[in-house]
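**Student:** Assemble the complex: chain A is given as a structure, and chain B must be docked to it using the hints.
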Amino acid sequence: MESSTCFHCGDPSGSSVIFFDDKSFCCQGCKTVYEIFSDNDLTCYYDMQAAPGTTPKDIQGKYDFLTQPNIIEKLVEFDDGTSQIATLYIPQIHCSSCIWILENLNKLNHNISLSQVDFGKKTVRLQFNSQNYSLKEAVILLSSIGYEPYISLEDFSTGKNHVNRSLIYKLGIAGFAFGNVMFLSFPEYFEVGEFWLDQYKHFFRWLMFAFSLPVVFYSSQDYFISAYKGLRAKILNIDVPIALGIIVLFLRSTVDIIFDYGSGFFDSLTGLLFFLLLGKFFQQKTYSFLSFERDYKSYFPIAITKVAKNGEEQPIQVYDIKKGDRLLIRNEELIPVDGILIKGKAKIDYSFVSGESDAVSKNSGDKLFAGGKQTSGSIEMEALKSVEQSYLTQLWSNDVFNKVKEDGFTTLTNLISKRFTIIVLSIAFISTTFWLFADPSKALNVFTSVLIIACPCAIALAAPFTLGNMLRIFGRHKFYLKNATVIEQLAAINTIIFDKTGTITSNKKSTATYEGASLSPSEAILLKNTLRGSNHPLSRTLYELLDENDIITLDEFEEHLGQGIEGVHQHDSIKIGSANFVGKTNDLAVLNTSVHISSNNTYKGKYTFYNSYRKGLSQLFNKLKIQYDLAILSGDNEGELENLKKLLPARTKLLFNQKPDDKLEYIKYHQSEGAKVLMIGDGLNDAGALAQSNVGIALSENVNVFSPACDAILDADKLNNLSDFMKLSKSAIKIVKWSFVLSLMYNVIGVSFAVTGHLEPVIAAILMPLSSISVVAFTTIATNWASRKLR
Amino acid sequence: MSVIYILLSLSIIVAVIFFAAFIWAVKNGQYDDSYTPSVRMLFEDELIKEKPKQSKLTNQD
Numbered sequence: 001m002e003s004s005t006c007f008h009c010g011d012p013s014g015s016s017v018i019f020f021d022d023k024s025f026c027c028q029g030c031k032t033v034y035e036i037f038s039d040n041d042l043t044c045y046y047d048m049q050a051a052p053g054t055t056p057k058d059i060q061g062k063y064d065f066l067t068q069p070n071i072i073e074k075l076v077e078f079d080d081g082t083s084q085i086a087t088l089y090i091p092q093i094h095c096s097s098c099i100w101i102l103e104n105l106n107k108l109n110h111n112i113s114l115s116q117v118d119f120g121k122k123t124v125r126l127q128f129n130s131q132n133y134s135l136k137e138a139v140i141l142l143s144s145i146g147y148e149p150y151i152s153l154e155d156f157s158t159g160k161n162h163v164n165r166s167l168i169y170k171l172g173i174a175g176f177a178f179g180n181v182m183f184l185s186f187p188e189y190f191e192v193g194e195f196w197l198d199q200y201k202h203f204f205r206w207l208m209f210a211f212s213l214p215v216v217f218y219s220s221q222d223y224f225i226s227a228y229k230g231l232r233a234k235i236l237n238i239d240v241p242i243a244l245g246i247i248v249l250f251l252r253s254t255v256d257i258i259f260d261y262g263s264g265f266f267d268s269l270t271g272l273l274f275f276l277l278l279g280k281f282f283q284q285k286t287y288s289f290l291s292f293e294r295d296y297k298s299y300f301p302i303a304i305t306k307v308a309k310n311g312e313e314q315p316i317q318v319y320d321i322k323k324g325d326r327l328l329i330r331n332e333e334l335i336p337v338d339g340i341l342i343k344g345k346a347k348i349d350y351s352f353v354s355g356e357s358d359a360v361s362k363n364s365g366d367k368l369f370a371g372g373k374q375t376s377g378s379i380e381m382e383a384l385k386s387v388e389q390s391y392l393t394q395l396w397s398n399d400v401f402n403k404v405k406e407d408g409f410t411t412l413t414n415l416i417s418k419r420f421t422i423i424v425l426s427i428a429f430i431s432t433t434f435w436l437f438a439d440p441s442k443a444l445n446v447f448t449s450v451l452i453i454a455c456p457c458a459i460a461l462a463a464p465f466t467l468g469n470m471l472r473i474f475g476r477h478k479f480y481l482k483n484a485t486v487i488e489q490l491a492a493i494n495t496i497i498f499d500k501t502g503t504i505t506s507n508k509k510s511t512a513t514y515e516g517a518s519l520s521p522s523e524a525i526l527l528k529n530t531l532r533g534s535n536h537p538l539s540r541t542l543y544e545l546l547d548e549n550d551i552i553t554l555d556e557f558e559e560h561l562g563q564g565i566e567g568v569h570q571h572d573s574i575k576i577g578s579a580n581f582v583g584k585t586n587d588l589a590v591l592n593t594s595v596h597i598s599s600n601n602t603y604k605g606k607y608t609f610y611n612s613y614r615k616g617l618s619q620l621f622n623k624l625k626i627q628y629d630l631a632i633l634s635g636d637n638e639g640e641l642e643n644l645k646k647l648l649p650a651r652t653k654l655l656f657n658q659k660p661d662d663k664l665e666y667i668k669y670h671q672s673e674g675a676k677v678l679m680i681g682d683g684l685n686d687a688g689a690l691a692q693s694n695v696g697i698a699l700s701e702n703v704n705v706f707s708p709a710c711d712a713i714l715d716a717d718k719l720n721n722l723s724d725f726m727k728l729s730k731s732a733i734k735i736v737k738w739s740f741v742l743s744l745m746y747n748v749i750g751v752s753f754a755v756t757g758h759l760e761p762v763i764a765a766i767l768m769p770l771s772s773i774s775v776v777a778f779t780t781i782a783t784n785w786a787s788r789k790l791r
Numbered sequence: 001m002s003v004i005y006i007l008l009s010l011s012i013i014v015a016v017i018f019f020a021a022f023i024w025a026v027k028n029g030q031y032d033d034s035y036t037p038s039v040r041m042l043f044e045d046e047l048i049k050e051k052p053k054q055s056k057l058t059n060q061d
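Protein chains in written order, with the working numbering: chain A, 1 to 791; chain B, 1 to 61.
Please note that the accuracy of each hint is not assured.
Said to hold, decoys possible - With a Cα cut of at most 27 Å, we get these calculated BS3-like pairs of lysine-lysine:
1) Lys-122(A) x Lys-27(B)
2) Lys-345(A) x Lys-27(B)
3) Lys-27(B) x Lys-584(A)
Unchecked claim - Chain B is nowhere near these chain A residues, computed Cβ spacing over 12 Å in every case:
4) Ser-97
5) Lys-121
6) Arg-165
7) Phe-259
8) Asp-260
9) Ser-364
10) Lys-385
11) Thr-410
12) Leu-415
13) Ile-430
14) Ser-731
15) Lys-734
16) Ile-773
Simulated from the structure, these hints should not be mistaken for laboratory data. Virtual Cβ for every residue (Gly too), placed ideally from N, Cα, C.
One chain only, chain A, in its complex shape:
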């Protein structure tokens, strides 16, 4: 039976397989979803993709807060009293079946009049009749079919976000004008002095002038603004020569057509803007399903249940929690504030915060920290602080989160544009001075021609296309960058710092070694079968690690929360759990997690768990150590010190017991000594370090789930490719430099026409697109060739 998979979700059905309608299901939840779909003629959900579903989670009472008007008001984007529209984020959306079922929601409930999926953003937009139906019911319906929306504190504070489409408008206008101006200027390229052309050329020229107006005054806005900002900060960025070129192109062309000197350069002007904006558009590749700006708000719930003095439960908005409030935390709910456990057994999973996957047991009176997730039953706690003042959330008050990283970084393009601008201006002035003496009538013509032809269109395109293409190549290999500048920063890195838990260790697999008296075959069978009944994470892990055994039915099985489990079969009994639970009192304080075993009340031994490191880690470190300083910062104790020493190159620095603030300070210190730091982490506790570092990479087992604010997100399976990614970012910089050389060659040719006073509009119109296109072709081919080995 082990081999059969669930018809709904595709997970192995395992021992608890359920048969229904000739199909096997892994659990009751999956079967229920199938029933819902088959009752409503929606089974073609399963035709499009095999096993597309997700197991629905228990959400009893979790969405009670959705009855509160002030919360609904924040989540709903349109409300006219009879119908409401809300957009919900559903991380589970992953295939065409998901789109199909979510867009057929009205078959499940006729009150939903419209549901539209945005696959890229993983959202569904719902319109429903608000008189007969509520947002809460819609959310519960979605949850019941395995598409539980994710509603976080962030939804509450951000409100409606505005889509910025101005770049598409600008590009569209430039393209429109470019095409039309090309048509109108084409006749004059070849037919000089032809009768009909002479008749109409003035009309044509003024039409071109009209088309170029929106391009100059709307499409090129950003370049003027950026050039102005640059000049004010005394930086000659690449936009300064571009803005200068645009102004000169426009003025010279206008003067040309007014005084009938020629047809002007409107074709080059509109073409220039079109190509430049195209480069910008290409570079602006965004991963709409990822967010690089997350802080604790996207992890935290929007509301939680408060227990009033008279015992009444009511949902309360998280920001409204005050010191002394009694809160009810249900199973699988996140603790929003620091507090003290009052009632119930807490088993807190801090993996959001630290990356540590083992849940920690707490008893009443113990302190609980915000960010942990309760994993067994519900508990009651008393709040000690408000949300913003809690231990974890305080990290975000650090200045580092208010800085924009790119500000302090000079890109390669801006570096070269400084020299370039000075050289172009001096060529323009020298040649003008020469012509003032040789032939004063040509002087102004030469001055403007130099500025026009030297307009660094190709240089401005080199970096966007190289880095933009590299960004896409990285994206295809599951390394998602926030923007193209990150590649330039990656190439400058000389120090790499890793977080330990969850980054170089894997969350899922761990290894265990057994110490103590060996177990007899019957004891081994009993051990395995007792573990089988328990849902505790350690039991599950140990169960997976142990050899296959016969399945027997236990006569007695009992789980003692927070202590261990007990199983009885015929005359044998076994106890598995903490040292105290199995009756061993003189256990030395050990740093590693261990599970103790006693059989028939005699102590047998213990399984000690070790982190299991990701495959290929040593090779990766050995590859990286040649060029980079390496360090590991861990929030954990030193239990793994010996293991790590064996595994990693000798020069790797290992630091343990590092608090979130310590990690940040450590990086700051190294940066002050000139190090360019790459930080690789995963949990919220690394958020400060990721923000402080030059490049912060968040490692993620599942990129659709959450990662702290960072510059890049790397799929955990691809960690081994890190050295390749680093190498590629260096080759990208090399390619950019070569395309600078290429475009400078075109500029030299163009300037030689300009200084001699022979620049005809047709030459500019040929040279400008030719240089741009050849640079784009070169960068595209070169980046693809450089990354051919990447797997």
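**Tutor:** Below, chain B without anything else, positioned relative to chain A:
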């Protein structure tokens, strides 16, 4: 008055109509999601196909 002015103004009117259509499309969010519509357009057939399936569903527990 030459016919070329009529032709030119006609061609520009046509061009502007298409340009306006482009602006209108962007404004309505046509370029916001470039993936989902490509999948959505393939759904119609499946809806018709499923009708006969109804009879197969018999047992409920």
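**Student:** Next, verify each hint and record whether it holds.
**Tutor:** Hint by hint, here is what the structure shows:
Pair hint Lys-122(A) plus Lys-27(B) holds up; C-alpha atoms about 21 Å apart against a cutoff of 27 Å. Note on Lys-345(A) and Lys-27(B): the hinted pairing is violated, with a Cα-Cα distance of about 54 Å set against a maximum of 27 Å. Our distance criterion of 27 Å between C-alpha atoms is broken by Lys-27(B) and Lys-584(A), whose separation comes to about 71 Å. For Ser-97(A), the shortest C-beta to C-beta distance to chain B comes to about 10 Å, within the 12 Å cut-off, and the non-interface label is violated.
The non-interface label for Lys-121(A) is inconsistent with chain B: the shortest C-beta to C-beta separation is roughly 7 Å, within 12 Å. Look at Arg-165(A): its CB is around 6 Å from the nearest CB on chain B, not clear of 12 Å, so calling it non-interface is violated. At roughly 24 Å from the closest C-beta of chain B, the C-beta of Phe-259(A) stays outside 12 Å, upholding its exclusion from the interface. Its beta-carbon lying about 20 Å from the closest one in chain B, Asp-260(A) satisfies the requirement of being farther than 12 Å from that chain.
Interface exclusion of Ser-364(A) from chain B stands, the closest Cβ pair being 42 Å apart, more than 12 Å. Lys-385(A), annotated as away from the interface, keeps every beta carbon of chain B farther than 12 Å; the closest lies near 40 Å. The beta carbon of Thr-410(A) sits about 33 Å from the closest Cβ of chain B, which is more than 12 Å, so the claim that it is off the interface holds. Against chain B, the non-interface label of Leu-415(A) holds: every CB pair exceeds 12 Å, the least being about 34 Å.
Every Cβ of chain B is farther than 12 Å from the Cβ of Ile-430(A); the closest lies at roughly 43 Å, confirming the non-interface assignment. Look at Ser-731(A): its CB is around 30 Å from the nearest CB on chain B, clear of 12 Å, so calling it non-interface holds up. The claim that Lys-734(A) is not at the interface with chain B holds, since no C-beta of that chain comes within 12 Å of its own (minimum 32 Å). Interface exclusion of Ile-773(A) from chain B stands, the closest Cβ pair being 24 Å apart, more than 12 Å.
Of the numbered hints listed earlier, those contradicted by the structure are 2, 3, 4, 5 and 6.
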